[in-house]
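*Asks:* Below are the chains, spelled out letter by letter.
There are 2 protein chains.
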Amino acid sequence: MAADTSAKIIDGKSVAKKIRDEITAEISRMKDAIGVVPGLVVILVGDRKDSATYVRNKKKACESVGINSYEVCLPEDSSEQEVLEYIASFNDDPAVHGILVQLPLPLYHMNEQTILNAVCIGKDVDGFHPLNIGRLAMRGRDPFFVPCTPKGCIELLHRYGVKIKGKRAVVIGRSNIVGMPATLLLQREDATISIVHSRTKNPEEITRQADIIISAVGQANMVRGSWIRPGAFVIDVGINPVEDAKCARGYRLVGDVCYEEACKIASAITPVPGEWVR
Amino acid sequence: MAADTSAKIIDGKSVAKKIRDEITAEISRMKDAIGVVPGLVVILVGDRKDSATYVRNKKKACESVGINSYEVCLPEDSSEQEVLEYIASFNDDPAVHGILVQLPLPLYHMNEQTILNAVCIGKDVDGFHPLNIGRLAMRGRDPFFVPCTPKGCIELLHRYGVKIKGKRAVVIGRSNIVGMPATLLLQREDATISIVHSRTKNPEEITRQADIIISAVGQANMVRGSWIRPGAFVIDVGINPVEDAKCARGYRLVGDVCYEEACKIASAITPVPGEWVR
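One line per chain: the protein sequences are A and B, in this order. Quick note on UniProt numbering: the first sequence kicks off at 1 and runs consecutively. Quick note on UniProt numbering: the second sequence kicks off at 1 and runs consecutively.
The hints are simulated quantities; they were obtained by calculation from the structure and are not laboratory data. You may find that some hints are simply not true.
Copies of one chain are not kept apart here, so a pair can be met inside one copy or by any two copies together.
Stated by the list, open to error - Keeping only pairs whose Cα atoms sit at most 30 Å apart, straight-line, the calculated DSSO-like set for lysine-lysine is:
#	residue 1	residue 2
1	K201	K163
2	K246	K163
3	K165	K201
4	K49	K163
5	K58	K13
6	K13	K163
7	K165	K246
8	K59	K165
9	K60	K246
10	K201	K60
11	K49	K8
12	K59	K163
13	K246	K59
14	K151	K59
15	K8	K264
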């Protein structure tokens, strides 16, 4: 695919491998120096197949770098109180350094806010606690943890040597898990930010002013080539299924950004989800 | 002054009076209905004259609407522990509904973060606690309190019937107390926001795209007429002294926005600080 495009394809997989190697070395040093091995607990409630896959992948990722991982799988009909008791015990457990509650929870009988707020902020590795978000927003404060997807976006910018300070950045989407924290992170790096969302009247005009585009909106191919300033650095977080009879599954995955058009204009762009194999 | 300008002058004093009247009525109703009178504590450490003036004005404002106000004046050399003990006692006092710690604190021997974080968030009427800021940033969450200056800016937009949803808004400045929370508030109202700050390379170009401008940067007359889109609604939070031999004090106050130029282009603008007398 790369042959007929002008944009560099951002190779997230290779960056991820490099980061995992760095973490492996760091954990090994930490174990030698102070005898501590980081521990992550993942709490899964119910038996959603996609959630089980995510949890399995997290476990694998932990194993590959030397993090101890613990899994708590609770039945769908567990009470909110039971989940809260597990969280309280992990909050107090010195062998546990991070607690992830896999979302979505079975919401008809438990309150997501109540449960997420129960994780002590020093172990809130998801970074979704409002206290962590508040610290992320404030100058002179630092969050304990930063939500992983926007942190990954900024990491790609850093690893590709993109200067952020003073650059125009547009974040498309303002979700609590990607768009909003991505904005706060870019702000901390002194980008000049505009936020495009569903109520924005002229998203194309605003997006075209950006040196850096992060899209996390969940709309297949919404960002067309004409939205992109020549030479922009484009990170597409969207993973959207579109019908495609030619695919065995009956659908294929595309991003928020129309890749075929964008790759002729951007200086660098993340690949179509699942298509980039080294 | 209004005669030779095209912009409407935003009359914050009259809006403030109307709000005070509404609050007076609400407090009276509350007293009758549930027998509760709101109580505000202001904690002042040291003897800065400007701080004493601010505290006196808050006391007066409370009295004028029927809020019970309590003042704690501590000597400059009070320990951090003493201040924390006062805060703890007010956190537990059911007659106290709001706690304001007057800033700046004498910082050489106490930590501002430690002290502000000690105020329980349900009584953090300043809205500066990171948990309140986090809740302000997150969709689906609500802060207990919102910082007063940005809240006042949004209130002016509402009271002047300015539609915010879908409008382009530029916030100039990104301080924890005005710029950043103003951005989060405008975001909650579905404006499309750009944030201009000291590292922004083309502030004039970006500002000129805005239907709504909120400036809180502390730079005298920085925003020139050419920065303003014809018809924009301009709220200037800046209060900056500039030397002026013609004034008895040797200086006069100006905003961040060059009023003489802006008033010919904006549809509405806040007056030069201190100059607007009905």
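*Asks:* For each hint, tell me whether it holds in the structure or not.
*Replies:* Outcome of the hint check:
1. K201 with K163: both (29 Å within a copy, 14 Å between copies)
2. K246 with K163: neither (41 Å within a copy, 47 Å between copies)
3. K165 with K201: both (27 Å within a copy, 10 Å between copies)
4. K49 with K163: neither (40 Å within a copy, 45 Å between copies)
5. K58 with K13: This pair counts as within: shortest intra-copy Cα distance 16 Å, inter-copy 57 Å.
6. K13 with K163: within (21 Å within a copy, 45 Å between copies)
7. K165 with K246: The answer is neither: 44 Å in one copy and 42 Å across copies each exceed 30 Å.
8. K59 with K165: neither (36 Å within a copy, 43 Å between copies)
9. K60 with K246: Close neither inside one copy (32 Å) nor across copies (74 Å); limit 30 Å.
10. K201 with K60: Neither. Shortest intra-copy (43 Å) and inter-copy (44 Å) distances fail the 30 Å Cα cut-off.
11. K49 with K8: neither (35 Å within a copy, 60 Å between copies)
12. K59 with K163: For K59 and K163, neither the intra-copy (34 Å) nor the inter-copy (49 Å) Cα distance is at most 30 Å.
13. K246 with K59: Cα proximity of K246 and K59: none, with 34 Å in one copy and 73 Å across.
14. K151 with K59: Within one copy only: 20 Å inside a chain, 45 Å across chains, cut-off 30 Å.
15. K8 with K264: For K8 and K264, the Cα distance is within 30 Å only inside one copy (10 Å; across copies 48 Å).
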